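K.L.:
Chains A and B, in that order, are what the protein sequence lines are.
Using our numbering, the first residue of the first sequence is number 121, and each one after it goes up by one.
Using our numbering, the first residue of the second sequence is number 121, and each one after it goes up by one.
Copies of the same chain are indistinguishable here, so a pair counts whether it falls within one copy or spans any two.
The calculated lysine-lysine pairs, modelled on DSBU-like cross-linking and capped at a C-alpha distance of 30 Å, are:
{"#": "1", "residue 1": "K239", "residue 2": "K363"}
{"#": "2", "residue 1": "K323", "residue 2": "K300"}
{"#": "3", "residue 1": "K323", "residue 2": "K363"}
{"#": "4", "residue 1": "K285", "residue 2": "K323"}
{"#": "5", "residue 1": "K363", "residue 2": "K162"}
{"#": "6", "residue 1": "K123", "residue 2": "K285"}
{"#": "7", "residue 1": "K239", "residue 2": "K285"}
Bear in mind the hints are in silico, worked out from the structure with no lab data behind them.
Predicted, not measured: the structure shown is a model, and the values here were computed from it.
Protein chains: 2
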Amino acid sequence: MTKTPKAAIIGGGVIGGGWAARFLLNGWDVAVFDPDPEAGRKIAEVLANARASLPALADVPMPPEGALTMAASITEALDGASYVQESVSERLDLKHRVFAQIQQVAPGVPIGSSTSGFKPSELQQGAANPATIFVAHPFNPVYLLPLAEVVPSAASDPAVIETAKETLRGIGMFPLHVRKEIDAHIADRFLEAVWREALWLVKDGVATTEEIDEAIRMGFGLRWGQMGLFETYRVAGGEAGMKHFMAQFGPCLQWPWTKLTDVPEFTDELVDLIAGQSDAQSGAYTIRELERIRDANLVGFLRVLKDRNWGAGRVLKEQDKRLAALMPAPVPETAAPLVMARLQVLPGWIDYNGHMTESRYLFCASETTDNLLRLIGADMDYVAGGHSYYTAETHILHRGEARLGDRLTGSVQVLGADEKRLHIFVTLARGEEVVATIEQMCLHVDMKAGKTCPGAPEVLARLLPLAAAHAALPRPDAAGRVGRKV
Amino acid sequence: MTKTPKAAIIGGGVIGGGWAARFLLNGWDVAVFDPDPEAGRKIAEVLANARASLPALADVPMPPEGALTMAASITEALDGASYVQESVSERLDLKHRVFAQIQQVAPGVPIGSSTSGFKPSELQQGAANPATIFVAHPFNPVYLLPLAEVVPSAASDPAVIETAKETLRGIGMFPLHVRKEIDAHIADRFLEAVWREALWLVKDGVATTEEIDEAIRMGFGLRWGQMGLFETYRVAGGEAGMKHFMAQFGPCLQWPWTKLTDVPEFTDELVDLIAGQSDAQSGAYTIRELERIRDANLVGFLRVLKDRNWGAGRVLKEQDKRLAALMPAPVPETAAPLVMARLQVLPGWIDYNGHMTESRYLFCASETTDNLLRLIGADMDYVAGGHSYYTAETHILHRGEARLGDRLTGSVQVLGADEKRLHIFVTLARGEEVVATIEQMCLHVDMKAGKTCPGAPEVLARLLPLAAAHAALPRPDAAGRVGRKV
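With the rest of the complex left out, here is chain A:
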């Protein structure tokens, strides 16, 4: 058993809270230091959002959640911490003071800064140990969006940077190594360009905040969640590719397509104009409601990408592999139904009745069964080798309704198994309460031949003892509805 790692989070606002949640849900202990008396409440709110969304991205059990403590001082927060993330206000003098305090106690600990704009060389100024201070810039919501821009300076220790990137990968993030330090790193340069242009459009009365948001999310915003700027344009260029696209749009650089040569004056009037329009646009929802809507949408997008092993979805798949490797070796000695899945009912799973839509009951059963198959060695590699278990028949009995946010367990009892057949009974439950049972007959097939065939010896060597152990269990009342002649 390795010791649970611990992260110290200095600054507990929306960003610090998001970091805390991501570390905790990925099994790290976390100590937060923030002098704000409201910090504890704020962190708890972010954590509640994270608990309701992040686990829905995993297809393997998440590790046990780490322990959260609110520390009374930076020194207390640092005790035992192997990583520090600083997320205090964007004031360089304040950040310098925080780093000095940290390095007085723990001069060697890696310190990532959430700064949006400061360069690492600026952060390092006057530090006792500049080599361990770097930028690790996340994006809100930190617990869902994988990006962390990791920016070292020439004074950084490359080994510290590599370790930090590995830490970030370990909590499911995508560390983007920014090789050349620059104000605002990469992503925020685009955000700033768009922000400035947007301020002009509002100020000049061309568009309201709502119209601007629609112009983004009904069009290119959808594209950018899965391909970025260049890949999108490469596709737009057609078979002729990127050169063709550039030849076509190159001349626009000389056209008056943006107001980028100037910056609007930041007056109270402009602030009022934008705040008023934003109220008209989004005021029907509270910020908490908007957060939940945003998170549910992001979980949906991320699951889509995961289904396709693309972009951010690939990061999720890699995190699953990492989590799976941490799982204890599983086939148990004692006869008991195996809890093979823990799922949470997401907003997109709800139908017009307000309950979990019916195909999701079978989805939950499939998640359960897939984990059982993985357990007996009929995993992705096995399928890639041309063999798999196919479902021939399914019987579902609905015993109750699953609702939004319900946490369900999927457990499985092996009713019978032989060389070619696997007869299972899955129970989906909310706590002790059964919401549905799913009985299935699965057949082992040679996928290329399209015919049943015996399972591989190493799979049967795990399956048959499990079936023998489960034969001692009482047979569920509802079982017995499947049994097509095969």
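Given the coordinates of chain A, assemble chain B onto it according to the supplied hints.
P.N.:
Below, chain B without anything else, positioned relative to chain A:
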């Protein structure tokens, strides 16, 4: 029966082809004029992509696809057309010539231009009838992304603009009325700002095209597909809202966070640098492959948003309502299983075996059953009134495997019905070949009381005659596996 409307598409590249596909799949006849001898092939390729993706966004049957003709001249294309969309190259003189030719033949027809940059007043210069020429700027892929920026000038006829917006809504788009004409409208001003900044970053060696794309799609790109710029920042501001956010980030306007005060020189060297990096990043895929990946991702995102009735998903829901209203009154006189759903197997529906994942079989059955319920009047409004049919039990028999791209029909036979019960048998077939059958027992419930109760008289008035008619049908061999005591 109303006459099938017809659109004339002038210019048949990626954009013109996308318009053609969107009109065709939404039931319009389309004539395309493009002197390029390759135009027919190009349109066919775009149409194939559109057929593989757009119908997957609808939950009601799409109208029959319209007829496509390649016209030999603008005059021929215009014959009978009630809407013209111009998508020729971005050269103002060429566009003026096209408009003149159109207005010689059909001076009153509305003409939308796909221009990315020209203002409507520029397009209207020298026209016989400026009032009917306006900007209708779409986003690639036109058949999937709902946004169309509709920009009139002071010379535009407001009635023409309103009709055009209604036409665009009719083909499932979101017409964003841009109230003040401006170079590059709204969205492309942002794209141009980002593009210029991106060129600098590549030129200065700060980031490669791939690193820039990751900085977008791993972070803010995901946010922008569902909320735009301002709503995202409103949430980031927390309970203090937009004013707080602006106070926090206002000062950045004075910081050197972008290179927006200057434009990089557009040299061959820069083009080669970017094209080379793009090859390294995306060259493993052909453009056709990237198109399919992009479309599958976008369909996934859009379905997520549709599940949540949010943003672009709301546009899809409204389009369903529009399409449903066009459907003929349905309960048939003759006894035959009812074809209630036509579905296509999408990439996200495929499991690691390469077949449709098992929960999607039940999903397809649910789509079929939901349409049956709608048909008998147990629709969303009925559910909102507190009553619904709940599934108590399901039996699935797998007869074959559905694969990527398969077009499936879901047909339903009513095996029995009384005041409280609905016993149905759904067949999913690819052409004549049955891939699965799904037998279900549904119970009519008072949702608030959580108890079964008789269906409303108007629902039973449709259901019971249908059940009586279906009683004459042969009972499927596979039926009889459900029947839990209720």
